[in-house]
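Protein chains: 2
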Amino acid sequence: MGKVNFQDKFSKFDEHWTPKVIAEMNDYQFKLVKVQGEFVWHNHSDTDEVFIVIEGCLKIEFAEETIVLNAGEMYVVPKGIQHKPYADEECKVMLVEPKGVVNTGEADSDLTASNDVWI
Amino acid sequence: MGKVNFQDKFSKFDEHWTPKVIAEMNDYQFKLVKVQGEFVWHNHSDTDEVFIVIEGCLKIEFAEETIVLNAGEMYVVPKGIQHKPYADEECKVMLVEPKGVVNTGEADSDLTASNDVWI
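Heads up: the sequence lines are chains A and B, in that order. With our numbering applied, the first sequence covers 4 to 122. With our numbering applied, the second sequence covers 4 to 122.
Everything labelled a hint here was simulated from the structure, so no lab data went into it. Only a predicted model underlies this, so the values are computations on that prediction, with no experimental measurement involved. Quick reminder that beta carbons are idealized off the backbone N, C-alpha and C, glycines included. Errors might be hidden in some of the hints.
If you anchor each label on the Cβ, the simulated ranges turn out as follows [what the hints assert, rightly or not]: (1) A/Val105 to B/Ala74: 25 to 33 Å; (2) A/Val105 to B/Pro81: 25 to 33 Å; (3) A/Ala116 to B/Leu114: 40 to 48 Å; (4) A/Glu64 to B/Asp91: 38 to 46 Å; (5) A/Asn8 to B/Lys87: 18 to 26 Å; (6) B/Asn8 to A/Gln39: 21 to 29 Å.
Chain A with its partners taken away, still in its complex shape:
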């Protein structure tokens, strides 16, 4: 695999809430996603999940608080914790998580995306 340029990869798709795999490290994947509006409440019962904001502003709502992430900031959502990402304007995000993780976790949703689409 060659090097990956984030903005080059982001230029290849427009849809929201559909993570695209850009790299694998051991059994983990790095994914890029564009988000805007509200996602669904969900959790991942068997893994932590990393959010890194590349551009824009991402909010992650938890039961007791809301985390606000700007470009150059990251957050680790612990496994099993209910959370709902949302963004007032389009935001570009990198996710890091084990291969096979579904974006909506254990929630049943129209926003569930294929989980191994490379770009």
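Since the structure of chain A is already known, use the hints to place chain B on it.
Leaving out everything else, chain B in the frame of chain A:
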């Protein structure tokens, strides 16, 4: 753990080639490192290693080629592959790798750093 701001963390240290842990996801760690000059040839026999350039320009020399990474670019060094990172000017990098990985891999070097220092 709260959110992590990369530039805030980088402002807390000056030394080169000494990765600092900023976050854990399952049994993986995210580390920030400032690099300048030449590192040593080394490999990690049991894990891939991710380099993400936050600021500046990082070069990674391999037996047959040299990869040049600028800010907003990443590269996955496959396990077991000999490589030597270097940077003409100071460069800020994020590493992602399993907890416990030593920076110089199996090479014996004065550049070997403690591998679980948080910042």
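Here is what the structure says about each hint:
1. A/Val105 to B/Ala74: 25 to 33 Å: 31 Å, holds
2. A/Val105 to B/Pro81: 25 to 33 Å: Taking Cβ atoms as reference, A/Val105 and B/Pro81 lie about 27 Å apart, which means the hint holds.
3. A/Ala116 to B/Leu114: 40 to 48 Å: 42 Å, holds
4. A/Glu64 to B/Asp91: 38 to 46 Å: Roughly 44 Å apart at Cβ, these two residues keep to the hinted range, so it holds.
5. A/Asn8 to B/Lys87: 18 to 26 Å: About 22 Å separates the Cβ atoms of A/Asn8 and B/Lys87, which means 18 to 26 Å holds.
6. B/Asn8 to A/Gln39: 21 to 29 Å: Once the Cβ atoms are compared, 23 Å apart, the range 21 to 29 Å for A/Gln39 and B/Asn8 holds.
Violated hints: none; the structure is consistent with every hint.
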